[in-house]
Amino acid sequence: MNFGINDIKEITAAMADYPHMDYSNYALSFLKRRLSYLFTQLNIRRKEQFFEWLKQPDFREKVTYHMCVDTTEMFRDPAFWRTLRDKIINQIPEDCENFWIPLAASGEEVFSLAILLHENELSQKYKIIGQSPSIERCRFIQQGKMNARHDDVNQTNYKRLEDQNAYQNYIHRDNGFCLLDEKVRQNVDCRHESFLISTPSEESIGLILFRNISIYYNTRLTQSVFKRVIDKLMPGGYLVIGTKEQLPAAFKEELIEVDAVEKIYKKPGFKQDNNHAGY
Amino acid sequence: MQATDFKIVVIGGSAGSFSVVSAILASIHPQFKIPIVLCLHRLKHVRSGLVEGLSLKSVIKVLEPNDKEKLQYNHVYLAPANYHLFLELDGTIALSTEESFNHSRPSIDYTLSSAAYVYREKALGILLTGANKDGAYGMKDIAGKKGFTIVQDPATCDIDTMPRSALQLFDPNLILSPKEIVQFLNTLPH
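Protein chains in written order, with full-length UniProt numbering: chain A, 1 to 279; chain B, 1 to 190.
Don't read these hints as lab results, they were simulated from the structure.
None of these values were measured; they are calculated from a predicted model.
Please note: incorrect hints may appear among the correct ones.
[Claimed, not checked] Just so you have them, the derived chain B footprint on chain A, three or more residues with Cβ under 8 Å: (1) 21-27; (2) 210-216; (3) 237-244.
The beta carbon of each residue, even a glycine, is placed where N, CA and C say it ideally should be.
Generate the whole structure from the sequences, applying the supplied hints.
Spelled out as structure tokens, the structure:
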């Protein structure tokens, strides 16, 4: 189906009546193609049919599932993961206990972080909190499941990062999925909730991976989600966004840019941080 | 359609297109007004080098935009590696990490179709040499919205799969050699 602006507004308005389903401030170009994808996936032929089916909780879960964008790669941007491993992890505040991935649409980002922590013997030290508005996606992550279609690119990225071939020590195939070894994901806690509605109650969050999430939002929603995310970051903690995302101007004073290429920012925590641009 | 009405130029290309695009950017009028968006198939792991390579000879500023960046006159925007590039109604760029399309990210079809939706008859689409069919449907979308379409003459292509795929789908306004494409662009306002 091909949607016009009025169709998109009508559909998002109907969705916004239900919990976790307010897409009204997503980018228009995203909504246009994602709603088209959604209607195809769920075999919906008319808007009216969609509005009727929305009344069913099971259908709403399917909608939420398909509106989430898969991460598609583990270790996307290997250079970023190298920087994280070599320059950031050892600078995380001592009293940090949690890392947070506000929108874990699929397991790739969460599991990349879990493997990195495992290899650096830090799994016991940090919990990885992920949030997903879809029950099914959350269940997949908690079970260590990923789309097997991305296995080749995952392996390639891992090799680029680690320069070794240990990927298969962690990932194996099972019933059409890639599965992350249980011992590597013991510190993963994926929660069925939208970070747009509720954030983790934990306070000591020292690293937030928020990569390529705000690209699907309009400017207004981007402003509000960055406030939400930055507010949860503990002093001295790090925020990472996508390499082609921009931190809204309003927040540039609040954070120190520590890596302009990998888009890594630090929340000043101590007096000496305020004018310090290093890691 | 008056040529002066164009608001966007989108150029798509794959194998062999670097030299064609480079030649276009070297010979285009330095004050060429209309924003140019380049969607070229590229290695996803190589994040730098292409802008620098194109900038060597370009007479117009070439950059890789960030998400939500506003299009400006007299600028060339290159779709970043491993991101799709879309155009928004408010004149900004929207990037995406959704699945590859036609085995490509950036997908030329996505960028061209997006230009067709937003700019309609004010979009100019140009499809160059390439080794797969990506871009053909996007060009058809531009033609379907009464935009203007130019396909590189297959006889002048390193690999002609891409332009031939487009020519099988619709009749473009023009089929031109790289030199003629430059000549056409230089008839547009500057």
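task = Of all the hints given earlier, name the ones this structure violates by number, lowest first.
result = Violated hint (a single one): 1; every other hint is consistent with the structure.
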